[in-house]
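Visitor: Listed here are the chains, written in short residue letters.
4 protein chains.
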Amino acid sequence: MLKPTRQQEEKETGRIEAFSDGVFAVAITLLVLDIKVPHAADLGSQGTLARALLLQWPQFLAYVTSFATILIMWMNHHKLFNQIRRTDHWFLLWNGLLLFGVTIVPFPTALVAEFIHRKDAALAAIIYSGTFILISVFFNLVWRYAAHKNRLLKADKDDRFVRIINRQYACGPFFYLIAFALAFTNVTASITACMALAVFFALPIAGP
Amino acid sequence: MLKPTRQQEEKETGRIEAFSDGVFAVAITLLVLDIKVPHAADLGSQGTLARALLLQWPQFLAYVTSFATILIMWMNHHKLFNQIRRTDHWFLLWNGLLLFGVTIVPFPTALVAEFIHRKDAALAAIIYSGTFILISVFFNLVWRYAAHKNRLLKADKDDRFVRIINRQYACGPFFYLIAFALAFTNVTASITACMALAVFFALPIAGP
Amino acid sequence: MLKPTRQQEEKETGRIEAFSDGVFAVAITLLVLDIKVPHAADLGSQGTLARALLLQWPQFLAYVTSFATILIMWMNHHKLFNQIRRTDHWFLLWNGLLLFGVTIVPFPTALVAEFIHRKDAALAAIIYSGTFILISVFFNLVWRYAAHKNRLLKADKDDRFVRIINRQYACGPFFYLIAFALAFTNVTASITACMALAVFFALPIAGP
Amino acid sequence: MLKPTRQQEEKETGRIEAFSDGVFAVAITLLVLDIKVPHAADLGSQGTLARALLLQWPQFLAYVTSFATILIMWMNHHKLFNQIRRTDHWFLLWNGLLLFGVTIVPFPTALVAEFIHRKDAALAAIIYSGTFILISVFFNLVWRYAAHKNRLLKADKDDRFVRIINRQYACGPFFYLIAFALAFTNVTASITACMALAVFFALPIAGP
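Chains as they are written, first to last, in this note's numbering: chain A, 8 to 215; chain B, 8 to 215; chain C, 8 to 215; chain D, 8 to 215.
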């Protein structure tokens, strides 16, 4: 098989990025479909729009949370790919798995929004935090496959960045496992832990 | 940390543009989902299609308005990025906030379309104009972060363009604040002001 | 104002293409949302899936027609932009108008599918053909604005292609006007004329 | 007609890839809309969330299957285009047909999910496997049109890859024809065969 030139390799990486960006962009924009405008006819003679909108607060919060989560995952995906130059068959598959994780985020988020005040809140929180365990495992899969013996990394990769990512990602699944365990006893603590972890992964990578 | 080359920087800017373009493109195309085809069965024996379509006029107007608004925001985003060469962690976040503003536009627009002739029209107009205050603040955030001490701008940026944008954007939130204040007393004037401001931001940048 | 370099110009054209491609891609893929899977529970004890699917034929036909129409418009948009090198403020607006036309195609198509066998079929056909008059006017606007005195065309544009496009596009609105007039007297002839015109615009440009 | 330069040709191929990527990305992300969050109010006093989610398993399985199928088709599309340098009018059309096939995948998948345990299961499996016959014919059309006498292939194409693809694709429609025939007698075997074929096409191309 002919060895691809560097330019061809970059074109290939470009296309996997374009496809991934498309999936992230559609996923983040589809979220708005879950926010329904209250129907004037449904409000009744006593009801007011203000009250109808206040009752929708879990949907608004779910929207903001899903948007922030997918945005942060996009930022991390973007940063990883800045260190990657080549792609291969298995990498396309692992990246596909990761995108699978990204596209399902709205589902557990909506589940939590719907059941937060019900007896089934614990199950919703278990599914919510479980999804993020899965996604953090997929992020590790994509990154470790690419970084293993510099398989797909750039020659001029940022070594400090690679070290920090290695460490940060290794912790991810364990952090989310704690949130998962919390879901069985304290739903609010579990959800809060997941959100705090999103903020943690949104922090810029910088340090000594 | 290795200093990225100019080519790498442009690739990075390209990817944030591609993601943003994806979000704008999906947001502007999803709008059509809000226009429902009247069901033949629902028209009854007396009803005609013409009458059913005429009753849908607020939805058609909301569609045209949302489309125009998102298109104009895309054009402005496009123009800003023509002056930008680099990107960094915080810029990705501010741009994400701006995209958040863009994707929610259909919601307040549909709200106004639903409640324009009801007692809750004022609240709908308050939310509508309030959304645009938010978006104009986000536009300022993105632009000022990039332009501050030429942090992320091109070396060969268009200085006159930068000056005009600085001035135009500084006024944006205040103009929308007037529309917001109007919403409490005169709904039609508030909505009209918002549309006039969209036209203002759609004008080409040219002058002495 | 600094004169943009050729490379910057191509980057700008690239971004308007990317945004347009995004809109076309979303519009063509959203169509599938109109095809509903029959619910097993709704079929009743006598009903069969085969019969339920057969009753859905207008929706299937509308899907195929909308898909083909948007694909052909994308192909034409793609060909126009192969001759275009620069972009400017007004061109972004005309292109936006054209994209507006593209995104609404599913609505009149679904309208025809719903009312083809009802007394309101004529109005549906009037709206259907009327939409295509509008779109062909927008295509002319985009093309003539770019081609006027070679305003935005490449230096190495294909002169024969430009001439053929000029002629073909000039006829477009008039052809669709005939389909529009037909809608008042013969619905089937009007719809058939619109489809024949789509095929006409799908033909490769070649000749003496 | 002026002969396009190599750079122009690659730009054109780039745009057809970008449009195709957009369609794949939207199609794969729209799937999530079919997964509905159970409404707390619908569960009743006895119902639990766990039970409601378990009853949704065919929808979850359909989601995973559709996602995997579209991902695998994207990977194959990506690989084909790595060997292609030019594009022409008819190629745009054949590629459009293939994208048509891709976007409809969720429909037969949802059909199987809905009717797998009903008397109409055979018809659902016939439509499901029939769709994949169609798609494998379209993949052949795109590839053979491009590869015929190296019409649109790169000069430095990978000859071994071309030979393997030729052979693999020639078998595709016949394999799916077997799955189609199975649908008339054994629904489970037919669906399983389709899934096994998806895995077959997901394998990396390597061998003596």
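Because the hints were derived from the structure by calculation, they are not lab data. Using N, Cα and C, we set each Cβ at its ideal position, and we do this for glycine too. The reader is advised that the hints may include incorrect statements.
Claimed, not checked - Label-pair ranges, simulated between beta-carbon atoms:
id : chain 1 : residue 1 : chain 2 : residue 2 : range
1  : D       : Met202    : B       : His155    : 34 to 40 Å
2  : D       : Thr55     : A       : His96     : 39 to 45 Å
3  : D       : Pro65     : B       : Lys156    : 54 to 60 Å
Claimed, not checked - Dumping the calculated BS3-like pairs for lysine-lysine here, alpha-carbon to alpha-carbon at most 25 Å:
id : chain 1 : residue 1 : chain 2 : residue 2
4  : C       : Lys86     : C       : Lys161
5  : A       : Lys43     : B       : Lys43
6  : B       : Lys43     : C       : Lys43
7  : A       : Lys164    : A       : Lys86
8  : D       : Lys43     : D       : Lys164
9  : A       : Lys126    : D       : Lys43
10 : C       : Lys86     : C       : Lys156
11 : C       : Lys86     : C       : Lys164
12 : B       : Lys86     : B       : Lys43
13 : D       : Lys43     : A       : Lys43
14 : B       : Lys126    : A       : Lys43
15 : B       : Lys161    : B       : Lys86
16 : C       : Lys156    : B       : Lys43
17 : C       : Lys43     : A       : Lys43
18 : D       : Lys86     : D       : Lys164
19 : B       : Lys43     : D       : Lys164
20 : D       : Lys161    : C       : Lys86
Visitor: Confirm or reject each hint.
Guide: Comparing the hints with the structure gives:
Taking 34 to 40 Å as the suggested C-beta distance range, the pair methionine 202 of chain D and histidine 155 of chain B does not conform, at roughly 55 Å. Here the CB-CB span from threonine 55 of chain D to histidine 96 of chain A is close to 43 Å, well matched to the stated 39 to 45 Å. In this structure the supplied range 54 to 60 Å holds for proline 65 of chain D paired with lysine 156 of chain B, their Cβ-Cβ distance being about 58 Å. Our distance criterion of 25 Å between C-alpha atoms is met by lysine 86 of chain C and lysine 161 of chain C, whose separation comes to about 13 Å.
Restraint check: the Cα-Cα separation between lysine 43 of chain A and lysine 43 of chain B comes to about 15 Å, which is no more than 25 Å; the hinted pair holds. Restraint check for lysine 43 of chain B and lysine 43 of chain C: the C-alpha separation of about 15 Å stays at or below 25 Å, so the hint holds. Distance check on the hinted pair: lysine 164 of chain A and lysine 86 of chain A sit about 12 Å apart at the alpha-carbon level, within 25 Å; holds. Among the hinted pairs, lysine 43 of chain D with lysine 164 of chain D is inconsistent with the structure: their alpha-carbon atoms are about 46 Å apart, more than 25 Å.
Distance hint between lysine 126 of chain A and lysine 43 of chain D is fulfilled; the C-alpha atoms sit about 20 Å from each other, no more than 25 Å. As the CA atoms of lysine 86 of chain C and lysine 156 of chain C are separated by approximately 19 Å, the hinted pair is consistent with the 25 Å bound. For the hint linking lysine 86 of chain C to lysine 164 of chain C, the alpha-carbon distance of about 12 Å falls within 25 Å, and the restraint holds. Restraint check for lysine 86 of chain B and lysine 43 of chain B: not satisfied, since their Cα atoms lie roughly 34 Å apart, outside the 25 Å limit.
A hinted pair counts as satisfied when its Cα atoms are at most 25 Å apart, and lysine 43 of chain D with lysine 43 of chain A qualifies at roughly 15 Å. Using a Cα cut-off of 25 Å, the hinted pair lysine 126 of chain B and lysine 43 of chain A holds, with the two alpha carbons roughly 20 Å apart. A distance of roughly 13 Å separates the Cα atoms of lysine 161 of chain B and lysine 86 of chain B; the hinted pair therefore holds under the 25 Å criterion. A C-alpha spacing of about 43 Å is found between lysine 156 of chain C and lysine 43 of chain B, which places the hinted pair above 25 Å, so the restraint is violated.
Of the supplied pair hints, the one linking lysine 43 of chain C and lysine 43 of chain A holds, its CA atoms being roughly 21 Å apart against a limit of 25 Å. For a cut-off of 25 Å, the pair hint linking lysine 86 of chain D to lysine 164 of chain D stands: about 12 Å separates their Cα positions. Of the supplied pair hints, the one linking lysine 43 of chain B and lysine 164 of chain D is violated, its CA atoms being roughly 49 Å apart against a limit of 25 Å. About 22 Å separates the Cα atoms of lysine 161 of chain D and lysine 86 of chain C, which keeps this hinted pair within 25 Å; it holds.
Consistency with the previously given hints fails for numbers 1, 8, 12, 16 and 19, ordered from lowest to highest.
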